[in-house]
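Engineer: The numbering of the sequence shown is this note's numbering, which starts it at 1 and goes up by one.
For the record, the hints were derived by calculation from the structure and aren't laboratory data. Since the structure is predicted, the reported quantities are computational estimates derived from the model, not experimental observations. Note that CB positions come from ideal geometry on N, CA and C, so glycine has one too.
Restraint-style ranges between C-beta atoms, simulated for each label pair:
1. Val-75 with Ala-151: 21 to 31 Å
2. Leu-169 with Gln-87: 36 to 46 Å
3. Gln-272 with Phe-80: 26 to 36 Å
4. Ser-113 with Thr-224: 13 to 23 Å
5. Leu-143 with Glu-117: 25 to 35 Å
6. Gln-83 with Phe-195: 23 to 33 Å
7. Ala-151 with Pro-255: 27 to 37 Å
8. Phe-195 with Leu-283: 13 to 23 Å
9. Leu-286 with Pro-255: 12 to 22 Å
10. Gln-88 with Pro-255: 42 to 52 Å
11. Thr-76 with Gln-272: 25 to 35 Å
12. Ser-24 with His-49: 32 to 42 Å
13. Leu-143 with Gly-14: 17 to 27 Å
Calculated lysine-lysine pairs in the DSSO-like style (CA-CA distance at most 30 Å, straight line):
14. Lys-176 with Lys-222
15. Lys-176 with Lys-219
16. Lys-176 with Lys-58
17. Lys-222 with Lys-58
18. Lys-58 with Lys-219
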Amino acid sequence: MSPYVLALLLSTLGLGTTLTFVSSHWLLAWVGLEINTLAILPLMVRNHHPRAVEAAIKYFLIQAGGAAVLLFAGVTNAWFTGQWGIQQATSPVFIGVITIALALKLGLAPLHSWMPEVFQGLDLNTGLVLATWQKLAPLALLLQIQPSNSALLILLGLASTLIGGWGGLNQTQLRKILAYSSIAQLGWVVLIVQFSPSLATLAVLVYIIAAASTFIILKLVKSTNINMLAISWAKSPALVAMTPFVFLSLAGLPPLTGFMPKWLIIEELSKQGLVPVATLAVLTALLSLYYYLRLTYAMTLTMFPNNFSGIPPWRLRAKQLTFPLACLVTGTISVLPLTPAAIALVAF
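Modelling step: build the complete structure from the supplied sequences, incorporating the hints.
Structural biologist: So, in structure tokens, the structure goes:
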């Protein structure tokens, strides 16, 4: 793909998300979401592979369906209330329909089945954009409407953490595992979004840093399934030594950065009197911990039977920029001591 075309598509992607961020009108928010969807489709099919084309078609159909439901709800609200403002949404039925539409666009369980299949057909660069940037606009709308139906969001959040952990247990393809990881992480965000929007924003930021580190590491070691992780040590020994900490940070183990948002979310849920919900969320996080430990074991404690193909790349200089990866890995592993500052920001 031409660099000029790539720059145009990326700027259009940013324009769509920014338009949704700043809009207080349902029609403008819908336009921003559609611009976002149309801008990423050429990025998905740039490899000209049948699986990529299939993933792009699936993604387009799902996003178009979600956008149609969103537009229908906005028009219906304007018909009954005469208001197009996002903040003017007061009807519980209307807010419930909007929440379901945004859950479909985010890939929350039980509307998640498209995500693993779409991720499997994409390269890791486009998968990173889909797992991080494409979630921001729907989450911004979810933050603005402030759903009054807390039971619906709690149900979506718990189902996402459960399905995100359960679905990744028997997977061998890394992109599908990352898709289920994204579902589980978004479940934690949805659980807290109605009680503490600032804490939800913090959780999204930590996830973006950790996900970016994971995707870039897998791209550097050129691994697409668990078995290929066994020869990563010959390609980049230092990187392989740090990668388990990134995986365990995604799992939320202390003393790594990923523990901070989960800790604060559990604390906030307990303050709201939702101790059973917090307990179930912690138990479902153990399912995700299993496949992160599985990845760690495959990468550090196993050796591929025939590792000759993995030896030559170790002597070649990496073509990718490693300084951004170093910054991301540092942020993924060692930001937990800044938790008091994060608590002050959340409280502010």
